[in-house]
Amino acid sequence: MNFTFHRKRIAGVLVVVPENERSFSEDMKNFNFPEARSLKLKEVMGYDKRRVVEPGVCVSDLAVFGLEHLLGEGLLKRDEIDALLLVTQTPDHFMPATSSLIQGRLGLKQDMLCLDINLACAGFVIGLMQAFMLLEQESVNKVVLINADVLSRKASPKDRNIYPLIGDGAAITIIERDDEDSVIHASVKTDGSRAGALIIPAGGLRLPSSPETAHLEEVGDNNLRAKDHVFMDGSAIFNFVQTEVPPLIENLLARAGVTSEEVDYFLCHQPNRFMLEKLADKMKVPYARMPNNVVEHFGNNGSVTIPTVMAYNLRERLQREQLQVCLAAYGGGLAWSAMLLKLGKLAFNNIIEYK
Amino acid sequence: MKCTFKHKRISSIIAVAPSQEYRFDDEYANFKMTEAQARRFKKMMSLDRHRIAPPDVCASDLCLFGVHRLLEAGVLKKEEISAIVFISQTPDYILPPTSNVIHGKLGLGHDVICLDINQGCAGFLVGLQQAFMLLEIPAVTKVLLLTGDTGSKQMTRENRINYPINGDAGAATVIERCSEEKTIYMDIKNDGSRYKALMIPGGGYRMPSSVETLKLREVEEGVVKCLEHVDMDGAAIFNFTMDDIPPQIEEVLSFSGETRDSIQYFFLHQPNPFIVTQMTQKMKIPQEKVPNNVVSLYGNCSSTTIPLNIALNAAELMLAGTRRVCLSGFGVGLTWVSAVMDLGPLDFCKLVDYEPTGSHA
Amino acid sequence: MDKQEFYQRLAEILDVEEVKPENVLKDFDGWDSLAILSLLAMADAKYGVSVKAEEIRAVVTAEDLARLIEAKRK
Chain A
1 MNFTFHRKRI AGVLVVVPEN ERSFSEDMKN FNFPEARSLK LKEVMGYDKR
51 RVVEPGVCVS DLAVFGLEHL LGEGLLKRDE IDALLLVTQT PDHFMPATSS
101 LIQGRLGLKQ DMLCLDINLA CAGFVIGLMQ AFMLLEQESV NKVVLINADV
151 LSRKASPKDR NIYPLIGDGA AITIIERDDE DSVIHASVKT DGSRAGALII
201 PAGGLRLPSS PETAHLEEVG DNNLRAKDHV FMDGSAIFNF VQTEVPPLIE
251 NLLARAGVTS EEVDYFLCHQ PNRFMLEKLA DKMKVPYARM PNNVVEHFGN
301 NGSVTIPTVM AYNLRERLQR EQLQVCLAAY GGGLAWSAML LKLGKLAFNN
351 IIEYK
Chain B
1 MKCTFKHKRI SSIIAVAPSQ EYRFDDEYAN FKMTEAQARR FKKMMSLDRH
51 RIAPPDVCAS DLCLFGVHRL LEAGVLKKEE ISAIVFISQT PDYILPPTSN
101 VIHGKLGLGH DVICLDINQG CAGFLVGLQQ AFMLLEIPAV TKVLLLTGDT
151 GSKQMTRENR INYPINGDAG AATVIERCSE EKTIYMDIKN DGSRYKALMI
201 PGGGYRMPSS VETLKLREVE EGVVKCLEHV DMDGAAIFNF TMDDIPPQIE
251 EVLSFSGETR DSIQYFFLHQ PNPFIVTQMT QKMKIPQEKV PNNVVSLYGN
301 CSSTTIPLNI ALNAAELMLA GTRRVCLSGF GVGLTWVSAV MDLGPLDFCK
351 LVDYEPTGSH A
Chain C
1 MDKQEFYQRL AEILDVEEVK PENVLKDFDG WDSLAILSLL AMADAKYGVS
51 VKAEEIRAVV TAEDLARLIE AKRK
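In order, the protein sequence lines correspond to chains A, B and C. First residue of the first sequence: 1, per our numbering; consecutive thereafter. First residue of the second sequence: 1, per our numbering; consecutive thereafter. First residue of the third sequence: 1, per our numbering; consecutive thereafter.
No lab work stands behind these hints, which were simulated from the structure alone. Honestly, I wouldn't trust all of these hints.
[Stated by the list, open to error] These stretches of chain B come out as covered by chain C in the derived footprint (C-beta under 8 Å, 3 or more residues):
#1 224-236
#2 239-246
#3 276-287
Just so it is clear, CB atoms sit at the ideal spot from N, CA and C, and this is done for glycine as well.
One chain only, chain A, in its complex shape (with noise of 0.2 Å):
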């Protein structure tokens, strides 16, 4: 499905990821593998630190820590904020929504709208477009978008197909109208039918939580895991981004009249190294224009990946100019999205560390 809007732009970006760092070398202790082969495992996927939050950590405290900086450094004021984003697997709570508590701790106004959208890795994007059909109304002029997740505290420590993979974290991206006639082209899709790829079987009313559901089981390929703790199947996933996602960006470029050359950074979301550098290969596009370093530094933070490539690697230069940058998000839905668009000057683009 193609979007096309107009005058719309990203202002600002701020990335909070937890301060607590874990190294693969601890996570490995607890796999009943061989250390050589976590090792292995290790150099293909890119492990090595990744940031998780501390116990009773949750997606609001890193918000509203994220939301204080920017009020306190004056690049964002309370009144301002005419719509509050949140995209979020893990809310604090089944109700209310999360973005009602965030605007509640706060103090924002009552003018204005609070959305919880449960989105997994297609997040950002999603959520761009979110924000850009919101700045349609008139009474809206600025979007805060959150995208966020403590998904680390739903990783089984015996599972080693997820549990060093996963990071926390949390971006803020604060959305406006743009004085200049840009054109901003995306595109989404949807297949439900593979919705069991990636997914926590219990906690939600399909399967309450339970003593039964907190219980480990041994789950193949010596991992254990319980029903409360998230799965992936990380083969299935891979077919299908090399599948989906190729041909979804040159579909949305060629109906945008931009060629791949043109594109200056492809800003991927971020399974695993080794995933990322599969796709850049099918894509033939060169390493050093799809970054693929944030899982190695910080874990794959869910729909918080593409904001972190940004504000990691491009931080100066999109403060100081234009780019013209291709979004590709995809993952758990499954859902696959991809945006072209013009990305900075940012007000703002950092990466805080929440304490």
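Here the structure of chain A is known, so what remains is to put chains B and C in place on it, guided by the hints.
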């Protein structure tokens, strides 16, 4: 936050209630109420019966059943579904989004956008806003707005505050473009500082599920609950309904250039009939314009209350012609959203009982 | 404010014959969440005042309640 939308219409509504009906008279013994207390409670809250889903039925099942009926009736084709917006606070899973699961079960094509939005009582209005926004995109043909909740699973039967009033239900509403301008006026407000009025403490990430959060306690006479159950401050909700909703309804009437006289129906969320009566009497809205029987017959079904209200009380009218209506959803968040719009003529408007799948996939 | 009338209305809400100013509200069987709702509604409909849930929880006797509503009317 004010919004306007043009050239959009609701074309079909189907509300789905579990077939299992329970009467207050048969249940009040669970609430440790004396006969006198029960009589008083029943009278004040106009309680009679409500629908409760069986253990294996989730909100998405109710919604999906509705979608199949719409497909069968020919008012919706699979290839027309461009977006699925699922509004619930009782989703199948926390990950993946339930809208994706529904997409898979319907066997739809890839050119669809799926969204799960966490909303309660204001959910139908929030969902409408989402649908109207999506329909600005040329590629979007029809939006399937699904609201559904099985709130009964977030409380025990021995809970006199929440259980007698709760109803489980789901609805599927189809929204599309239309050639007439038909401006829709909407106002949205939020106040998260009062979130404690209606919340669930445990089960999310603030207080993860554990043996402790699942422990049932009698927290007061006739109220047995655990930390993963709904906590409601009835008096705070009453204050909220009386203080905040009337000004918003006035605002949206003024914004749309309508009055109490020109609006033909007020389809309101129904926390309970008592509050609705109090509020609308205070606003001097003629009671015959305010259908107020959803709780008595089906229970308070959160975001599905409004579409169920319409299907229960005004189906014939909505099929026959156009009415100028005011919709207002308010509650958990706290979030309150009101709108003035034309409703009807609808292609489909029905309230049905859920049947477990046999021939229906 | 006609105090007699107020105590009579309160008696109806509490489902008792009579309420005296010195009576402690919590001592009545009928003083429950339903009674509180009825009271909030009565305050609004009959006396035109909006009483908050926290304010009701803070009062002890029937007279405290009467004074609370009377004060709000001014």
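Okay, the hints, checked on the actual structure:
Coverage of the region 224-236 of chain B by chain C holds in this model, with 4 residues showing a Cβ closer than 8 Å to a Cβ of that chain against a need of three. Look at the region 239-246 of chain B against chain C: 3 of its residues bring a Cβ nearer than 8 Å to a Cβ of that chain, three or more, so the hint holds. Residues of the region 276-287 of chain B lying with their CB closer than 8 Å to a CB of chain C number 3, which satisfies the three-residue condition for coverage.
Going through the hint list in order, the structure satisfies each hint without exception.
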